[in-house]
Structures are given as C-alpha cells and as structure tokens.
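There are 2 protein chains.
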Amino acid sequence: MMAQSKSVAIVGATGAVGKEILSILEERDFPVKNLRLLASERSAGKTLVFKDETLEVEELTDESFAGIDIALFSAGGAVSQEFCPVAIAEGTICVDNTSAFRMDKEVPLVVPEVNPEEIKNHKGLIANPNCSTIQMVGVLKPIHDALGLKRVIVSTYQSVSGVGTQGILELEDQVKDISKGRPVTSKNFTSQIAFNAIPHIDSFIENGFTKEEMKMINETRKILNHPDLAITATTVRVPVIRAHSESVNVETEKDIDVSDLKDLLADTPGVSLIDDPSSNKYPLAVNASGKDDIFVGRIRRDESVERGFHLWIVSDNLRKGAALNAVQIAELLV
Amino acid sequence: MMAQSKSVAIVGATGAVGKEILSILEERDFPVKNLRLLASERSAGKTLVFKDETLEVEELTDESFAGIDIALFSAGGAVSQEFCPVAIAEGTICVDNTSAFRMDKEVPLVVPEVNPEEIKNHKGLIANPNCSTIQMVGVLKPIHDALGLKRVIVSTYQSVSGVGTQGILELEDQVKDISKGRPVTSKNFTSQIAFNAIPHIDSFIENGFTKEEMKMINETRKILNHPDLAITATTVRVPVIRAHSESVNVETEKDIDVSDLKDLLADTPGVSLIDDPSSNKYPLAVNASGKDDIFVGRIRRDESVERGFHLWIVSDNLRKGAALNAVQIAELLV
Numbered sequence: 003m004m005a006q007s008k009s010v011a012i013v014g015a016t017g018a019v020g021k022e023i024l025s026i027l028e029e030r031d032f033p034v035k036n037l038r039l040l041a042s043e044r045s046a047g048k049t050l051v052f053k054d055e056t057l058e059v060e061e062l063t064d065e066s067f068a069g070i071d072i073a074l075f076s077a078g079g080a081v082s083q084e085f086c087p088v089a090i091a092e093g094t095i096c097v098d099n100t101s102a103f104r105m106d107k108e109v110p111l112v113v114p115e116v117n118p119e120e121i122k123n124h125k126g127l128i129a130n131p132n133c134s135t136i137q138m139v140g141v142l143k144p145i146h147d148a149l150g151l152k153r154v155i156v157s158t159y160q161s162v163s164g165v166g167t168q169g170i171l172e173l174e175d176q177v178k179d180i181s182k183g184r185p186v187t188s189k190n191f192t193s194q195i196a197f198n199a200i201p202h203i204d205s206f207i208e209n210g211f212t213k214e215e216m217k218m219i220n221e222t223r224k225i226l227n228h229p230d231l232a233i234t235a236t237t238v239r240v241p242v243i244r245a246h247s248e249s250v251n252v253e254t255e256k257d258i259d260v261s262d263l264k265d266l267l268a269d270t271p272g273v274s275l276i277d278d279p280s281s282n283k284y285p286l287a288v289n290a291s292g293k294d295d296i297f298v299g300r301i302r303r304d305e306s307v308e309r310g311f312h313l314w315i316v317s318d319n320l321r322k323g324a325a326l327n328a329v330q331i332a333e334l335l336v
Numbered sequence: 003m004m005a006q007s008k009s010v011a012i013v014g015a016t017g018a019v020g021k022e023i024l025s026i027l028e029e030r031d032f033p034v035k036n037l038r039l040l041a042s043e044r045s046a047g048k049t050l051v052f053k054d055e056t057l058e059v060e061e062l063t064d065e066s067f068a069g070i071d072i073a074l075f076s077a078g079g080a081v082s083q084e085f086c087p088v089a090i091a092e093g094t095i096c097v098d099n100t101s102a103f104r105m106d107k108e109v110p111l112v113v114p115e116v117n118p119e120e121i122k123n124h125k126g127l128i129a130n131p132n133c134s135t136i137q138m139v140g141v142l143k144p145i146h147d148a149l150g151l152k153r154v155i156v157s158t159y160q161s162v163s164g165v166g167t168q169g170i171l172e173l174e175d176q177v178k179d180i181s182k183g184r185p186v187t188s189k190n191f192t193s194q195i196a197f198n199a200i201p202h203i204d205s206f207i208e209n210g211f212t213k214e215e216m217k218m219i220n221e222t223r224k225i226l227n228h229p230d231l232a233i234t235a236t237t238v239r240v241p242v243i244r245a246h247s248e249s250v251n252v253e254t255e256k257d258i259d260v261s262d263l264k265d266l267l268a269d270t271p272g273v274s275l276i277d278d279p280s281s282n283k284y285p286l287a288v289n290a291s292g293k294d295d296i297f298v299g300r301i302r303r304d305e306s307v308e309r310g311f312h313l314w315i316v317s318d319n320l321r322k323g324a325a326l327n328a329v330q331i332a333e334l335l336v
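As they're listed, the protein sequences go chains H and Y.
FYI, my numbering numbers position 47 of the first sequence as 49, with every residue one higher than the one before it.
FYI, my numbering numbers position 331 of the second sequence as 333, with every residue one higher than the one before it.
One should not assume that every hint holds.
The following label-pair restraints were derived from C-beta to C-beta distances [as the list claims (entries may be wrong)]: (1) H:Pro271 to Y:Glu119: 50 to 58 Å; (2) Y:Ser205 to H:Leu334: 40 to 48 Å; (3) H:Asn190 to Y:Lys107: 48 to 56 Å; (4) Y:Val51 to H:Ser25: 54 to 62 Å; (5) H:Asp147 to Y:Leu334: 49 to 57 Å; (6) H:Thr167 to Y:Asp106: 49 to 57 Å; (7) H:Lys182 to Y:Thr187: 20 to 28 Å; (8) H:Lys35 to Y:Ile207: 52 to 60 Å; (9) Y:Asn282 to H:Asp147: 39 to 47 Å; (10) Y:Ser261 to H:Pro118: 43 to 51 Å; (11) H:Pro118 to Y:Asp106: 51 to 59 Å.
Here are some of the chain H residues that sit facing chain Y, going by a computed Cβ distance under 7 Å [claimed, not checked]: (12) Val177; (13) Ile233; (14) Thr236; (15) Val240; (16) Val242; (17) Asp304; (18) His312.
Hints in this document: simulated from the structure, not taken from any laboratory.
C-beta atoms are modelled at their ideal positions from N, C-alpha and C, and glycine is treated no differently.
Looking at chain H on its own, in the form it has when it is part of the complex (with noise of 0.2 Å):
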C-alpha cells in the first residue's frame, strides 16, 4: 500500500469543494504520502487539519507542483487554465473540477461507476464533470444500457453551495436581512435567492440557454458516449443550502415495467432508491446533505408519451456532484 502512496495537492484548498476534498482524503483513507494545500495569496497563511495535523496554506505558484504526483482542482477555470498546464509539466496529474477543460476531446470527462474506462486515456488531466450532471448520468447510465435512451428532459432544483460557500453566506445573510425588515444584497445571484428561484445558472448564450443548462447536454453526451442524444435542461437556483434536485424526464427505446426500472436503479453502484410514496419516502435535498449516493425516487410511468419515465434525482452537489467523484478519479489512478 505504501508504494502506492501518492503525493496530492489540493488546489482551492479553503474552498467549499477544497474543504469538502480534504475530509474525504481522510475519510476514505486515500494513500497520501504528502499533501499540500494551495490557493490564492489571500488564504495563504490559513491553516487546516488533515488527520490530526494541521497544515498551512501555501499559496500557489508555478513552483507548487514539484513533486506532486495528483493535483485536484477546485478554485475556478480560471486558475486551471493557467494553472494545470505547469502542473502537467512537472508530470503532476490533474483531476479538474471546473469546466475549463471538460469538452476538451483530448480530456476523459469521468464519473467512476460510469465511465472508468475513459481514465485510461488521460494526458496528463482527467476532467471532472458538472456536479448536475455527475447525479444525473449515475442514474441515466443503467437506464441506457438496459434499455437504450431516447430523449432527456430536466428541470433542476439547484442548491446556493454550487457557487460556494459565499453562496451560502449570501442566503443565511438576506433571510436574516428580511426577517429583520431590511433590505436584501445580492452578489453570487442576479437576484435575491432567499425565498424565490431563479432560472439562471452561469451566463447565457446565443441560443437562450444558459452556459450550465448547456453542461448537462453536452457532458451528458460525452459521458454516455452517445453525441446524438436528444436532451434539453433548465437549470434554477432555489434556497437550498446543499443538495441538487432533478425533476428527469425520459424516453427509452425499449420498454420496462415500472418496479423492474426501480430494481435496476436499487442494484446500480452509488444509487440509492428511495421510493415509497405511500410513506412519503423520496429523495430530499436536506437529506441527501452529507451523504456520498445518489438518491432516485418517485419513479412512475409518464402517460404523455410512448416508454415515457419520470424521476427525481438528488445528491449533494459538494460531494458526489464534486469533491467525491475528483477523490474516486484520483482512486482509479493509484
């Protein structure tokens, strides 16, 4: 095992996914040799703990990479841009979980219990998808290889983390902030998040959809290896703390009697059924907080349409939508 040992740096170590990625190192007992943690000149000087050390910040330059074996990136495409290069460089391998490079035909863009396969083909960098799209291909890739997919229809409940933690500073503020008859300051959100939802996620584009809408398309396709797959999203900020949910939609080219679909998704790794109506189980947002699965439930036959299925998909969008799967990534490279 400690031959195996790897020497790991954390990139936007004082982030919410950052933070998330050190405590499942420690969780899963990753074999780390070292670990360094990096981000921005202001957080640099900050300490963390990791296994009952306490380890200092350090920020990051293009000297931070000697000797490191994975580099997991989380503070922004921006910084990967600039930032994975040189760590290629120094032959340092990145899982990168921002968007900078996951469309990239050179970048395998994983999700372990989906595409394990793809890991092998990396040069140099492994793209982690978007954290709306890791739950949902978890629960559409047993559809698709059981019975083929057709066409993808999604309406997403998304939670204020997926901006980070000033995401969830900015609710907790404006909740106080109306209980308190004052007045609301919207920063992370082109409007007040507390008590509304907002159909806009990352910026928009010519074709009316937004950036993050246009992630669960085209990841989708290029994890499922099916570029032809008819899918649409609408992607909405709600005052969630963490969690993503999704109201899913699907068409499948072969049919399937509804509790033969629920047996599949319960026996597929990383999925967890929840789906007993007549006791008001389903998957919640402020349930799934914390957990590493992804929940799917009330699963019922849409009427509206031929081998027609709807699902409710929730995992917590800091873990398995992010900081879990870049750790599973690095686990496939030890």
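Given the coordinates of chain H, work out where chain Y should sit on it, guided by the hints.
Quick look at chain Y alone, frame taken from chain H:
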C-alpha cells in the same frame, strides 16, 4: 351600475385566499351591494375591513346564503362539498376555489381569459382551477390556438402559501428555528420545507403521481377542451413565500420562430412577457408576488425534439392562481 350590484359572500374569509378576495373586490371596485364574510366557528367574530367599513366574520351555517347572489368559496373541499349545494338551493351562484367539483362534467372550469364562454353553461356552480393549472393554461391557450399543442411536460416550483397562511408561518418558524440551532417542526409539509425541495403536493394516487400533478393534467385538458392532450407533471414545493414558478416544455403541431412566439405571448391579455436574458430579465417569484399577470420568459427552442419550446411561467398563486381568477369569474356573472 347599481342595478347590477350583487350581494356577495366570501366563504373562508379569514384564510389567505379569502383575504385576497376581499382586497381584490375592493381594488377592482366590484359592484358589491352587501358583503357577508363567512368562516368556521373558530374565526367567527373576527373583523375585516372592506372599503373603510369594518365587517364581522359570521359562522358558516345552512342559513348563511339567504339573499346572497354570488358566493366565493375558499375554505377547503369538504366545506364546498357540504355548503355549495345549500347555497345553490338558495339561488346563490357559487364560484368554488377548491378541487371538489372541478372535474364534474356539469361544472364549468373557467379561466376568464381562456374559456369565458363556458360560464353560460353553469348550473349554479363554476369551478376555479388549481393555482398551478391557471398560470400554465393562460400561456398554453394562445400557443394551442396558434400552433396546436402536441405534448406538455411541466415541473413546478410551488410556494408554501399554496397551503394557506399556515404554510407561510411554518416556513418562517422553521427558518427561525434553524438559525437558532433548534429542531424544526413540520405540520403542513411531510418534511422540513426551509432550505429544501419536496416533490410531493397533495396526496399520492396509485399511478405514482400526486393529486396535484393529476389536477394539472386533467384540468388543463378540460380547460383547453383537448381531452387527449399528452401532458405530464411533476409538482414540487420549494421554500418560496408566494408565487409559483413552472418549467414548461411544449411540443407543437405547427412550427414558429422563437421571436414570433414571444410576440404571440406578449400580445396575450393577462400574460406579461419578461424575456431579456442579456440583462438578466426573466420572471421571478419575488417580483410576481402581489401582481395580477401571468409572467413568462426564458422562451427558447428545445433542440431535442421537433417544434419544441421551453417556457418559464411565474404567477402569484394567491391572486391569479386563486382570488383574482375567482373575482374575474364573478365579474363575468355580473
């Protein structure tokens, strides 16, 4: 004008919708000859103000409808089931805001901008559709008339005021409890609604759908007089105080340019187009609260199907979704 003045009763006058009816009757200067406020024994004796006059709430009994021309019911299905027949026997025309009679073939189900002609067929009772249905059909109607609707898939983001004032209080209490680190209590929802999204509104039926979802399906078919319309729904409660949002995907029989579709909806009475992504303009629940219109935006072509379009529809569930629509029906009766 005075010749047309009506004696009006509000059944459930102290509820969230009842209070809204009272203020809308005043705002729109409805020709009220006299007004009777009715509620359960528990609320009898409370007072409410109408046009500077303080009125006492009376207990609803079999004698409540003597001399009443129009009664607006908003006190739950069981109350309507018991007292609408009593009122009708007195010659009172009932406008019922509950689901008790909506799917009755003898009962017109009316959105005044959509199917006002149905009112003439009434036999003493006109049903007000479900809040989530009203705002959707207001937008679907002009699309159906111009292009023919082929399929509709909706996922909702519904506010807590949908269950009345107690829903708002429960959300506010939970937010307070969470901020103080206290455990939350759930009464009106099956789980914590603060910082959560609950895919469950009204009770479940055998096909795995909720009654709320089936209301959207069946009421839309009835109102559009399109009994075979392919339509499906997933209804979700979110921690929003007021106004429901809906992610609606439609397929049409005929094609249309997105810009022409926007023009069509901009020209629809009761519908207001807010659709300028480049300046972050789209309908939002917090902005729709207290407004009369149905707001639509995020209109774009869904490339996953022929002649597919996305719509984001928001409206105040207590106003157009309930009280305003009921008063508009009453106006057609005058």
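Verification of the hints:
no.: 1; hint: H:Pro271 to Y:Glu119: 50 to 58 Å; result: holds (57 Å)
no.: 2; hint: Y:Ser205 to H:Leu334: 40 to 48 Å; result: holds (45 Å)
no.: 3; hint: H:Asn190 to Y:Lys107: 48 to 56 Å; result: holds (51 Å)
no.: 4; hint: Y:Val51 to H:Ser25: 54 to 62 Å; result: holds (57 Å)
no.: 5; hint: H:Asp147 to Y:Leu334: 49 to 57 Å; result: holds (55 Å)
no.: 6; hint: H:Thr167 to Y:Asp106: 49 to 57 Å; result: holds (53 Å)
no.: 7; hint: H:Lys182 to Y:Thr187: 20 to 28 Å; result: holds (23 Å)
no.: 8; hint: H:Lys35 to Y:Ile207: 52 to 60 Å; result: holds (57 Å)
no.: 9; hint: Y:Asn282 to H:Asp147: 39 to 47 Å; result: holds (40 Å)
no.: 10; hint: Y:Ser261 to H:Pro118: 43 to 51 Å; result: holds (45 Å)
no.: 11; hint: H:Pro118 to Y:Asp106: 51 to 59 Å; result: holds (57 Å)
no.: 12; hint: Val177; result: holds (6 Å)
no.: 13; hint: Ile233; result: holds (6 Å)
no.: 14; hint: Thr236; result: holds (4 Å)
no.: 15; hint: Val240; result: holds (5 Å)
no.: 16; hint: Val242; result: holds (5 Å)
no.: 17; hint: Asp304; result: holds (5 Å)
no.: 18; hint: His312; result: holds (6 Å)
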